[in-house]
Each structure stands twice: as structure tokens, then as C-alpha cells.
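Assemble the whole structure, with the sequences as input and the hints as a guide.
Residue numbers (my numbering), protein chains in the order written: chain A, 56 to 358; chain B, 3 to 529; chain C, 49 to 360; chain D, 31 to 377; chain E, -3 to 313.
Hints are computed from structural coordinates only; laboratory data are not their basis.
Worth double-checking, as some hints may not be accurate.
Stated by the list, open to error - One-sided excerpt, in silico: chain E residues whose CB lies under 7 Å from chain B:
hint : residue
1    : Gly79
2    : Arg80
3    : Pro81
4    : Leu145
5    : Val147
Stated by the list, open to error - Computed list of lysine-lysine pairs in DSSO-like fashion (alpha-carbon distance at most 30 Å, straight line):
hint : chain 1 : residue 1 : chain 2 : residue 2
6    : D       : Lys330    : D       : Lys301
7    : B       : Lys236    : E       : Lys58
8    : B       : Lys215    : E       : Lys48
9    : E       : Lys48     : B       : Lys151
We treat Cβ as the ideally placed atom computed from N, Cα and C, and that holds for glycine.
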Amino acid sequence: MASVDDAGGLDRLSGAAEAPGERGRIARFLEACPPLVLFGLAWIAAMLFVAVFADWLAPYKFTAMDLRARLAPPVFMGGSWDHLLGTDELGRDVLSRLFVSIRISLLIAFASTLISAFIGVVLGFLAAHFRGWVEQVVLTLIDFQASMPFMILALAVLAFFGNTLALFVCLMGFYGWERAARIARGLTIAANQQGYAGAVRNIGASPFRVYVLHVLPNIASTLIVSVTLTFPELILLESGLSFLGLGVQPPMTSLGNMVGYGRDYLQTAPWTLLAPSAVIVLTTFSISMVGDWLRDRLDPTLQ
Amino acid sequence: AEADNRPTITVAVQQVVNSGALTPLREQSNVGARVFPMIYAPLIELDRQGDLSPQPGIAESWRRIDDRTIELTLREGATFHNGEPVTAEDVAFSFGPERMFGDTKPLGVDGQTETITADESKSVLGAATGPELPPEVPAIARRLWPSLKEVQIVDDRTVRFVNAVPDLTMEGRLARSGSSEIVSKKAFLAAKDWASWAQAPVSAGPFKVKEFKPDNVLVLEAHDGYYGGKPSVKEVRYVVVPEVSARVNGLLSGDYEFVTDIPPDQIATVEADQKFEIVGGPVLNHRLIVFDKNHPQLANPKIRQALTHAIDRNAIVEALWGGRTSVPAGLQWEYYADMFVDDWAVPEYDLEKAKQLVAESGYDGSPIPFRVLNNYYTNQVLTSQILAEMWKEAGLNVDLQMKENWQQIMEKNGDRAIRDWSNSAPFSDPVSSLVNQHGPNGVQQQLGEWTNAEFNTLSDVLEKSTDPAERKAAFARMLEIAEREDPAFTVLHRNVVFYGKPKAIDWKWSPTFAMDFRADNIRMPGE
Amino acid sequence: MAFDNGRRHVPVLHGVDMDVRPGEAVGIVGESGCGKSVTWLAVLRLLGRRAWIGGEVLLDGRPIQDLSDKAIARIRGRRIAMIFQDPASSLNPVQRIGRQLAEAIRLHRGLEGASVQAEARRLLDRVHIPDPAQRLNAYPHELSGGMNQRAMIAMALAGAPDLLVADEPTTALDATIQAQILDLLQEIRRDSGMALVLISHDLGVIADLCERVMVMYAGRVVEAAPVRTLFDSPRHPYTTGLLAALPDLEAPRRRLEAIPGTVPEPGHLPRGCSFAPRCSLADEGCAVLHPALAPVAPAHRVACLATAEGGR
Amino acid sequence: MSATTGPRPGGPLLEVRDLACHFPVRLPGRADDGLAVRLLGRPGVLRAVDGVSFALPAGRTLGIVGESGCGKSTTARTVLGLQAASAGEVRFEGQAVTARRNGAWRALRQRMQMVYQDPLGALDRRLPALSQVAEPLTVFGIGASRAERRARAAELLEAVGLSPRLQGRYPHELSGGQRQRVVLARALVLEPSLLVCDEPTSALDVSIQAQVINLLTDLQARFGVAFLLISHDLKVVRQVSHEVAVMYLGRIVEQGAPDDLFQAPAHPYTKALVSAIPSPWRKEGAQRIVLEGDPPNPAKVPSGCAFHPRCPWAKPVCRTEAPVLTDVGGGRRAACHLLAPAASAAA
Amino acid sequence: MLRYLSLRGFRALVTIFLVLSFAFIILRLSGDPALLILSPEAPPQAIEAFRKGWGLDAPLYKQYLGYFINLAEGNFGQSMRDGRPALDLVLERIPATLAITIPAFLLKIAIGVPAGIYAALNRNSFADRAVMGLSVAGYTMPSFVLGLLLVLLFAVNLGWLPSGGVGEDGRLQIENAILPVLTLALGGAAILARFTRSAMLEVLGQPYIRTASAKGLVWRQVVSGHALPNAAIPTVTVVGFMVGSLIAGAVVVESVFSWPGVGRLLVSAVANRDLAVVQAVLLLVAATMIASNLTVDALYSWIDPRLRSGRGVKAGG
Ligand SMILES: Nc1ncnc2c1ncn2[C@@H]1O[C@H](COP(=O)(O)OP(=O)(O)OP(=O)(O)O)[C@@H](O)[C@H]1O
Ligand SMILES: Nc1ncnc2c1ncn2[C@@H]1O[C@H](COP(=O)(O)OP(=O)(O)OP(=O)(O)O)[C@@H](O)[C@H]1O
Ligand SMILES: [Mg+2]
Ligand SMILES: [Mg+2]
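So, in C-alpha cells, the structure goes:
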């Protein structure tokens, strides 16, 4: 998108052109990473940090409950410093739970997003490479996935294999693959028909080489955009599934889970809901910011 | 005709009926129990808002003929929703094979033990059609009336209930909600099929079904010919509002007159507005934790005892229920009256004792699964998390497992150890609860979770004996076995129902789950 | 008409001076990326809102660079029309040719109804599209490149402009089709007396059609002269280079002399003469001094320190 | 060029005989067709290449010129075995070339390579030049290590005139001529004996075009590669070719040495083509022959001589009879009724 | 064309068959409707009887064949909850669902497309950032939270609109539909705005836009006459996906607003393993999905004549 916009292109050039000296370096940096992207990167880094060190950062154990201090308000709403973000309906520290939730949700969302992109890309490549009936089968699978409510898929997996985190991640990996598959197929067919992919194949390169080393990096930018959409959808999907008894379940916690159980306390104790919601919104925002930016960065023609 | 300016009320419920049929013979649930008394007229009813004592219904009076027979005299002037009078023939029909028992035989006749014979001739997915009963109806009916042999018509206003075996609980069973409802024979036989009858049953209760859309809405219309007095509301609309917050918000914004199933944490939200209040309290239902003594970790009764002692029930009652309920004296209710065991209580909260029991048992710390449904019971998920923490305190490694449905909860796959349950006392005798649910034919034993030879012998005594003292002794001993010695379950607290309503509406709740909208129990503002 | 514009901000053009007289055919040549197109896009303010344009554009002696968007829109198409390089992508792919043509006709001729269609047909006929009535219903992708280019020309003619800027009208086309298009432009110019600016990097094309040529390099006009003068005695080393790089059909075969190096990127121009790094004649002076466009002969101006002096 | 894999002594490197390449297509149905035909279209055959024969000796250049759509690229693709031929045969170093993508096909890639019209499209935008050139070596497992392969690639890039400074750049950071050099280097790194160049300069502007043309000549001199050069720019073809074939609608209509052919074109189409080329040095009197109309649709080849609807000199026989490629003297061959011995005197 | 259509038709049938078979197997194997429909307190005999009555004790393959044989005869089976024909149950709910999903669908377009266009036309401006920021917030906000907030504001505090339900007498009423429609629309509009914006940016960079300006059209005419029709092509794809969720995609909103739609029916039917009902819903969902795919393709070629002649490859999702 950025590439086609004249004005944007001019802006970029101009920044570089009239940028001598120290100020220029800052300007150049800001121009390469606009503040919002910086924020996004920082936020994602913070989330990753929290995810990794959740146990160590959390002031309390996330299951530790204090039935006498239920629904205590956070500090900024007049609560005590004992519980920075207040407590939930069982008197558990919201901050500690938030940290653990971030870990779980990010794990699920990241891993599942990767799986879904992987499945989609592989199937998309297969369809584009073989065309013919293979393509028809993949297209049928895509239709199938699109018309099958995810709830039933979830039911299928969890009913037969039980509800473990690893399995749940795999299950969520089935979400949104059809979008990646469509994109991969379309772009790959185009690349095969004209351009670089055909050229590399005609050099005598194996299909694997063509797809993995050439086509994949080239369609990555479009895939990234799709991934930035899949990511928040996965977080929301997870919260939806926990309600059907299919998602992350207590005593474990996740962002979606916190939002879901917190919804009954919207009026009495909004912090139980707002803290995880804010994390979801900010993380998604950061991801789409960074995703768009990365897309432009990854494309050498746009720099 | 003269304009009917009686008010209409809207009740937001979590669900009208689970099964999609408006009949207790299919729907044995607490939600069903809320609406059925408004549709159906029973022979005997309870003083719902009072002391739960038996009161005349369609039956004006009744008397024992012998330990197997009761004779009831029917009230004069009771009419069905279609305007026709209630006759002895309708009563007999209501308890006859066409409506209740199908081709099942009463227990105790000719040594009959198996009451159900399945009909093999049905097509693969064929449903019951015509007036034919769905097969589960006779099964449920036999559960309610295991040994009822027949209902004899003595005269136009007199019927006799004849049991196959001696049974002291017949009056109780008659008064039980959901088991002595009278339906119109004519209307039943005229129905296209059972399913359509179950959508719009014709009985003689205060209201008649006007419209029913499962999972959506049930509209009841006043039955002006009701024998207990013309209802003061024209229509009751039960709308299904599954989300708690939606019910609360609907009440606050004036969309509903009543909302049900309000969790205690929402009380403050509702009562923050001066115009509204929450009413309600303990009902005839206890929340239990049920054990599977075949699970390797629970085989040792000491572990189960430790589990029962590690629970601080009062803390749960305080934290989750705002002190609006209490911990009962084990699996019994005060309205058992003479059968109530006074000096009984649930195992006391004693962490040290629990730890000691765990130590004595040689428990190796391996996980004990605890299967939980997602808030099937109010506060279920919260309670189970509290329990898990409390058990951890006592050194018991309880592993919370959220399940999607009851089947997964009940499934016997070696991994079943602890689960949630509740227990009702549909009539005022321990047979209705302890024997029915935990006795040899009760669900717990049928599922293979627990059994105890002495307990089972005593169950038989409780069911068959006609000597009150012997029965009471048996009951006390059974409680001791099932709650202390070889725990089958442990009682957590009384279950509670909370209704939200405007203060201006004068209405009394009932501990029976029923919502009573008859003229004498509701007064709208301005009346 | 006189133009004087320059674009800094993005240093793409560096003070381009050129003028086109009514009815005249001017060719603009130069390597790809030297700013041929941008110059004219800047004149018509088609570069997007945030392109910074400086300098002055005079149309009939009146400055038009500060006109409102509305006013400039009235100039576009009616006074100055422009046709673009790649006809297939410059036509709206989802509209029929007829509709795109009719839009221009309505806009500039104020015609309505059936007369629009008639006029559209006439214009297609004028650009020698066979079976014009039927082509009106075709979509751009259904037509060949040559036909699309003709449709573009027809569209430009709809406003009967005083000046037609043809931006590389034949680059994407075959030699035979190219010949047809060039013929067509010639014919139109003869018939209507409009001025023509032909942008190309192929000197052959320019030679065929134009009276005067301007050679651009890196955002500047480096040489301006009548066609024959330029080809017979080019003065700027860049022009010489361009001519030497052109293979010919008839002359004896010789090794082509490519200009070494590449066009400097805009924004990273060398100090002094931008062509200096690639120039065989360059000396130290060229590396620091900006040559200005100076007349070396009547109607022949060159911006080169080395040859301008040599010529004197 | 390694001696072991050189052409058979005596035989040409590449021999193409009666090559044809037809595509099944659906033509739009007409109003008088049935519904199914109108929906489905009429089945038709698109004769992209229709009986082309030529031979190319090692180390020489054959230029193929012709309008867009006349089948130049299809010929090239079929020659390389990227496209199955409908008829005829292609022999490369005496071996038949097929389009079956097996080991032999892949091995053949080492010996014959292709260069495309659009260098930017043929390069992976995300790899720097050097990596792209080293890639064929990796594919064929040539060279012991990555470093060695890169060294060879760098060497070749240097040979095509791309300085080390530019070798690490991405395609979009290179000029058109530089890109085309990268593509050439990628094709040459395997030391093929045949290089098919499909319009290698049409996307470039004049001065860069000159660079590439010079490069091609230099490369041929240095490596002895044979070129099959496809273009519709006669000036370019003349500059590099040893022999030229003019194609029209899937057939060769004239063939001969470039200088003669362009000095005195025999076939009317060649005449028109030659006259249409703009040149600053055109003699004043030279009249341009402007052909009317567009190139015809290869799916609807006119009867007789395919060129007759556009030919200013068409005779009745042209309408009915397809001329064959015959020797018209001076080492030139042409397919035209007007050049039949009787008429040739006039020309 | 015919070949293409028949291929599409065949694929549609295969898809529906796969969906139904998959759901059949999953539902049958993952739970016993008898236990779920009759309450857990129901006596084992009743459960046994129920299973026999519904043929649930037959081998799975027999049930499976039976289902498809019935289906072939046009019999969708009956709900095990109340014995009513499954198709009736579903069709009865369709109007309510469509009553919110269709207006929401239109609203999504009405909000999302102009917002996206506006953002694209004012790229990098404050308005653009605001629209895109809101868009992220819009599609990351769980719809139950959004719904709740709307209810708190418009029903509880302001008292302008009802908090849920379909309205008196069970007839659909406009004021009851407003909040659910809004809730559904805002999230979708956010996504649509994002897609429209990028499609629009893509188009604005195309040469024909410049041509249109050069013709003398003012910017407004260029945008409406040339940019929009071209930007519609990628936008239609996204809109097409949204059509697929018209039938059963409003589950959450339906429960937040106690709206008796198909989504809730599906959830409860799945929870009860009420196969016939689930299948009837799935059939409709799959059919809508397929129909929307076909429509999207038809729209493509309507909007973009380039796709009419050949079978062009559309890239992207
Ligand atoms: N919108 C823009 N943003 C940034 N740079 C631009 C823009 N448009 C053009 N340029 C730059 O301006 C320079 C001149 O471009 P212009 O299109 O005028 O070249 P040209 O002489 O027409 O070349 P060609 O023969 O390839 O058409 C080029 O370096 C180009 O990269
Ligand atoms: N795979 C194919 N299927 C159908 N038609 C094809 C196919 N490939 C080429 N054609 C057709 O064959 C004809 C010759 O195409 P080809 O690409 O060989 O022409 P060309 O001479 O290389 O033209 P250009 O100069 O434009 O590259 C064209 O009409 C083209 O549309
Ligand atoms: Mg240009
Ligand atoms: Mg070609």
C-alpha cells in the first residue's frame, strides 16, 4: 500500500534528503520507525517479557485467593497497594492473574497463528503447484473450513483428545488457515505464471526450493497482514470457547477467560474486565502496527 | 366483552425447560419446576410460601385405606383450561398407561424388578408420533411411582391410588411437584402426537399455555376458571435470557418484572437502585460434592474424610453467597419433620484433622481429578476453585477439570473421582433424597461410583418399613455411613434462589423452586 | 506559453525551464527517470497533494500554479491534455471505452444524450479505430495495446486541447503499431494546429515528429535545439552519448557506445554538473560548477561547461 | 565453454524442425450459436507456432523478429522444453528436447538457459544480486562450498560488468541494465551453450539497451555461447545477429543475413517492419509503409497467406494459397507469392 | 462456463456432504444426547429408553446411513428435545436472525466502507489514524463487552432502548433490534474499514486514476467514478465472507441480547448433541457460504470485466 502512494513516497524521500547531522539521525530513525511502531514494538517486547517472567513478576500466586478481600478495587480507584490492579471475585490478585494470562494467551495466539499460517501456506502451495484435482481438494477443504462453525471443530478435538494446552494450541491452529491458504494459492499461481518463480524453476530448481526459498519470502508480507488479523481473532475465539467449556479452563487463566468471567462484574468491579481487555486491545493494536511496518520493511522495494 | 385490564408480567429466566417439553414427565429439572405449578393442577399441593405442608389441590381431602392404598376426594368445580370439568376419569387417565406408564409394570408385582421393556420396532431415528409416549416418559414415571399399580375410580369424585407394595410415602409422592399433575384426557387423546401435546398441555392450573417457543419464550394466559381463584395477572411471559447481566440490566431498565437465577454477586448491582430488590433464599436443594470411591486415590475412606473436613463451608457461604444461605445438617431438610435427625451435622471444618487423615492414609500426592461443569450450578466454577485451594491446603492435590457436559462428568473411565452435584427433596421423606439418589437404584450407585452393603440394606428398610422409629434409626445410620464413615458425598450448603423484582410488586418467593403468580401471592403496584 | 518550474523538497527536478509555442511540436528526450514525466505532471498538478512544487507555470502568460483545484481541473483536458505511457493500465479497467470517452466529452463539450455517443464514435473514427461503434462497448482489456493508446488519444482530443502532452505514447507498442500512432499524432497536429509535447527516450521517435527537442538529464534541461541541429551537431556530451547508443538499421554496423554508469538517484546528485561522473569531457570545473542553459547558436541552448566553451 | 559438452562436430547446436505449438482455446460464441456454445464458447485452436524450422550453430546468434503475439516467445519456450510441442522436433546437441520435467530435463537446464524480457519480474525481489547468481550453482551442486559458489558468481557478475559494490544490492536498487546483467549472469553461471534471450532489451531505455547489446556480443566472443535472440526491435537484432528470421502469425516469413535482409527486405511484411522503424538518421525521402489494422488473432488465421489482409500488394492467390518458405536468392528465404520467380523481377 | 459451474456445483455438494458427515461423527461420538437432554438426575432406565427410542443404540454406520437416506428423502429428522421437525425449528428462527444480521450487514458496509475510503483519502492524517485506531479497538473488543456497554448506556442509564429480547408478543420490533444490530455492525465495520482503506490506497496509486484527473475531472469525480468501482473488487471478497456469517454468526450477540436466533439454537443443539437440528443449521450455513462464494465470484466478474473472459486468478483473502 505504501508503495503506491505518491505522497508517502515523497515524504520518505524528503526526510532522507534534508537530514544532515545529529537531528537528522533521529529524524531518520523516527521515520524508519514511527512513534506508533516504536510503541508497538515496546509493548510487544513488554508482553513477551511478562510472558517469560510471569511467575517471577507476579506479586502473588495467580491461584492464591483471599476470600475476605474479594473484588477489592485497584489503587487508582481507591484500593490499597496490596493489590495494584485490585482483586477478582475470589480475592485473587488481578495483576498476577493478568501476567499469567498474558503468558497463556500469547502462547496460544502466537503458536496457533503460526500453525494456521503453516497449514494454510502448505495447502496453498500444494494447490498452486499441482493445480487440477489437488487444487479442487484444497478448495473444497477451504469451503469446508469456512462453513464449519469452529465450535464444532473444537468440540471434535476436545471431545476425543481431551483438553490439554498443547492440544488446544493445535486446535486453534486450525483457525483461519483457509485465509492463508487462499492468499498463498492466489499469489503462488501468479508467481508461477509470470515472474520470478517460473524463472527459478526454469533454472532447474526443485519445487521445494522455489516455494520455500523464493515464493514464501515474497508472499510473506501479504501473509503478515492476514496474520495480524488472525491474532486478535484467536484471542477472542479462545474467550468464546472457554464459555462453551472448550477453551482454557479454570484454575488456569487466560485473557479471554478473564474478560469472559469478568463480564458479570462490569458494573460492580469493572477492573476485572478492563485490565485484560486493555491488554488485548493494545496488543492487537501493536501487532497490527508492527505488522504493517514489518510488511513494508520486509519488502526491500519499499525502503 | 369487557376489557381485560389486568397487568401482564414478564419474567426473565435462564431457561424455561431444558428438554423442550412442557411436562414434568419429560422435564425433571429445577427450571421446569418453576413454571409447571402455574400450568398444572396437582391432586395435592404444598403450602409453597409457607411451611410446605400438604394442601388440597384437585383433591379436596384424602385418607389412607391401608398401607398400600389412599383414597382421594376430588374438589367440585375444578375446570380444565378448555373449560371442561375435572373428573375422576381424567385423574385415572393421568396416572394411566397412556399418559404415564406405557407398558411398564410396577415394581414388586410378580417379582418384577425391571420396569422397562424397550420397543425395538422403531425406525432408526423415528421419534414418538401419535399419542404414543416417548420411551423415556414411562421410565421417569416409574421413577416417580415405582410401584403404583393402578388408580381406581370409585365414583365421580373419588379415586383410589393402589400401590403394589406397602409405602408410607404415597402422600409425599402425591404432593411432590411434578408427579401428581392432572391432565385432560380428552385434550391428550385429541393431540396430534405426544410432542405437540407436550408443547401445549391442558391441565387445570391457574394459567394456560398460550404460546411456547423453546429456548425463547413461554406465554401463559390466565385461566379464569381456576379453582383457586381468578388470577390477578392476565399473562405471564417467561422469556429466556441466558446471560446474567442481560437479566439484571433488563430488570433495571424496566423490561422485566421479575428476573431469576441471580448470582449473589449481582445483588449489589440490583439493589444499588432503590426501586429494586432481591428476594429469595434457601430452597429444597443442597449442593453436594460426590465421590467415586473406586478411584485409586479415594478408595481409602480416610482420604474422602479428609476431603470433607478440609472444606470451610462457612467461608464459601460468606464469600460467594453473602451469608444468604447456610450449611445444612447433612442431606436432610427440616420439613422431613419427624424423620429429621436433630443431632446430625456435616463434617466440621478442621484442617489439622484433614491433614492428619491424609497422613494416615499414606496418600502419595498424585492428582485427584475434580470434574466441574461450567456454572451449571450458580457459582459452580468459583466454588470449585475455592474447594481446590482448600484441599491443597490439606495436602490433597486436587486437579480441577472443566467439562462440557454431564456425560463427560459422569463418564466412568478410571479418571472419575470428585464431581459436583445437587440434591433435592421433592417430598418430605428421606426416601426422596438419600435413597432416591444414593440408594441402590439411585444415580450414584447406578453409575458405579459408590456402594455400601449396609447402606443398601437400610435403604430397603427405609423404603418398605412402615415403622416410623425403625425408619428413623435406619435413616440416621445411613447418614452416618454416607457422610462420615464411608463418605459417598458431602454437603456443601443449601442452594439458594434469588429473584430480582421492583419493590413495588408485592410477591413472595417459595423454597420449592416454583414461582407462584396466583392471585393471592402477587399484588401489582396500584392494586 | 512559457513554463518555468522546479521541484525541490523531493529533489527530482532542479529548475526545469522550457517553453512551448502554440502549434509547435516539441520533443523531450532523456534517460528513464530523468524527470520527463514528472515535469508535466507537476505542471498539471497531478503529483498528489503533498508533492512540493516550486517555480512558475505560465499558460498564455498567466500563472496557473496557484490556481484552485477547480480551476486547474478546468485546464486539464481542455487546455492541456496528457496521454500516458502504458495505455492498458492508464485506462480504467472496469469501464467501457465508450463510457470513459463520453465522460471526457461531457466534461469538455457540454454535450448530452445521444450526441455524446455520436461524438465518441466520431473521435474513435478520427483515431482510425476500425468499427468504432462496436469498440465503444469494449473494455480496455479487450483491445490491443495500440487500440488502447488510440482510445487514450481520442480521450485527450475530446477537450480539443491547445497542448497535448504525449508521455511515451509508443513505448509499449510494436514497431508497426508505433508507426501508426506516430502517423496519427502527426495527422491530428496538422488538422487541428494544436501544440504537441512528445516525451520519449527514443531519439528516433522524436526525430520523426518534432520540430524542436529538449534533452533532459537528472531533472534539468541540458540541451534544447531544433531537431536537425540537434542530431547533426549535438553539443552536450549526454546528447552525443544518447545518439551513439542508438543502433541503426542502415549505417554500417558499429559497436554501440553506451554511456557508462547510470543516472544518479534523485536526492543523491553529485555536486556540480550531474552528468560529470559519466562524462568523458568532464574536468575539475564540472565537478563543482553548475552549468546553466546558455545559447550556443540561434535557438540552440546547452548546459555544459566543456562544450559551451569549446563552441565559442 | 567446456570442450566435452560441445556440439557434435558437423551438426548444428540446435535444430528445430517443423515445430508447431497449438493451444486449445474457446472462442466467443456468436449470436446464432446454441446456448451451450454461447456460454462455453466455440472450441478452437490457437496456432501460436505453426511449422517453424531453423538451425543454430554453436557460438552464433539467430535473431527472431516479429510483431507481438506472432509466436516468438512460444517458439523460445518450446525450444527450451518449457512447453510441449504439438508437432515437430527440437534437437539440442543431437538430443531431443522434451517438456517432461524429469532428471534429464533438469540436467539440460545446465546447457540451455533463458533470459527474460522483464528482468525485474524474473528476479526474486528479496534476494541480493549475488545470491541470485549463485543459486543455479547450488541447485546443480556445483562448487564445493557456499563461499566458492559465491566467488564464482561474483566473478561472473564482474565479467558482465557489475562491480562488487553493486553485487550486494537488491534488484530494485539496480538500474534496468544492471538487472538485465544479473539475469544474464545467472543464466551464464552454469556455462550453457545456448542462451535464449526473449526480448532482453525491450524494457530498457536506449543507453542501457546499448550496454546490454554490447554485453551480449562480448559474452558471445568470450564464452562462445549461441544466442537465440528474440525481439521485435530490428535495430537490436541487426546489431547482434548472424542470421535473422522474421515471424508472422506463427510462421517464418523471411530468413536471411541481417544486413541484406534489412537493406532490401523481400517480404512485404518485412518491408513494412523495416520502414516503420523510427530513426534520427532516416533519409528524407524514405517513405514509411504504415500497415493498417492490428495484427490478426492467431486463433483466426486468415486463409491463404496470413499477411494478405494487411498487405498492400496482395493478389487474389494470396487469399487462397499459403506460400511456402523458398529460397529467393542471396542466401535469403521468404514465403510470399509475390516473390515467386515470375514476380521477383519486379521486387 | 458450464464446465466451471458444474465443477463448482459438485464441489458445493462435496463440501456440504463433508460438513454433514463430519458433524455427524463428531456429535455422535462426543456425547450422548440422552444424558444431555434428560437431566443428569434422570433415571438410567429413562436414558436407556430414550436411546432406544431414537435409535442411538444402533451401530454408528447404520445411524449415519439412516441419516443420509432420510435426508435424501427430504427428511431432516426431528429434534430430540421436543420431537419437532428439525427444519421447522431452524426455519422458525431464521427471520429473527436475519432481522439483526441483515441490517447489521448493511450497516457494516454503510459504516466500514466510507470510513475506509475516508481514511485512505486522508492517508496519514489525524482522521486516518483515528479511524484505524478505532478499527483496531472495534475488532478486538469482544462483542459481549461491547453489547454490555451499549446496554448499560442506552437501556439502563438512558432508558431509550430495551435491553434485549424481541419485544412484546414475540414479534420482532425495531427498537429491540437496534442494539444487537449496532453491536454486530461495529466490529464488522472495523474490519471492513481496514480492508477498504488498503484496497482504496492500492487503487489510488494506479495510473488510470491519474488519467482521470488529467481528463479534467475534479477529485471528487475521480474518486467516485474511477477509484471506488475498482476498490470494490477486493472489498467484495471481505463482504462475501461476512455473508457467510449471516445465519449462525451472531451467537454471542444473540445471547447477550436474548435474541432467539439460529446461532443460539445451534449452540444449544450442539450442547445437547441434538443432531438433526445441528445438521439442519449446518446445511443452511454451508449453503449460504457456498451461495455467497458464488455470488462473490459473480460480482467479481460483474465489477471487473477482466475476469469475465478468462478464469482469472484472484489473489488474496
Ligand atoms: N511520486 C514520486 N515520488 C517519489 N519520486 C518520484 C515520484 N514520481 C517520480 N519520482 C522520481 O522522479 C524521477 C523522475 O521521474 P519521471 O517519471 O519524470 O522520469 P521519466 O523521465 O519520465 O522516466 P521514464 O522514461 O522511465 O518514464 C525518478 O527518479 C522517479 O523515481
Ligand atoms: N499457454 C497459452 N495458452 C493459450 N494461448 C497462448 C498460450 N501461450 C501463448 N499463447 C498465444 O500464442 C500467441 C503467441 O504468443 P507468444 O507469447 O509466443 O507471442 P510473442 O511473439 O512472444 O509476443 P510478444 O512480442 O508480445 O512477446 C499469442 O496469441 C498468445 O496469446
Ligand atoms: Mg515517464
Ligand atoms: Mg514474447
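Hint check results:
1. At its closest, the beta carbon of E:Gly79 sits 3 Å from a beta carbon of chain B; the interface hint therefore holds under the 7 Å criterion.
2. Because the beta carbon of E:Arg80 sits about 6 Å from the nearest beta carbon in chain B, less than 7 Å, this interface hint is met.
3. Annotation: interface hint on E:Pro81 violated; nearest CB of chain B at approximately 9 Å, more than 7 Å.
4. At a threshold of 7 Å, the smallest CB-CB gap from E:Leu145 to chain B is about 11 Å, leaving the interface hint violated.
5. For the restraint placing E:Val147 at the interface with chain B, the shortest Cβ-Cβ distance is roughly 5 Å, inside the 7 Å limit, so the hint holds.
6. Pair hint D:Lys330 plus D:Lys301 holds up; C-alpha atoms about 24 Å apart against a cutoff of 30 Å.
7. Of the supplied pair hints, the one linking B:Lys236 and E:Lys58 is violated, its CA atoms being roughly 50 Å apart against a limit of 30 Å.
8. Only pairs whose Cα atoms come within 30 Å are accepted, and B:Lys215 paired with E:Lys48 is accepted, the gap being roughly 27 Å.
9. Between E:Lys48 and B:Lys151 the CA atoms are separated by roughly 25 Å; this keeps the pair inside 30 Å, and the hint holds.
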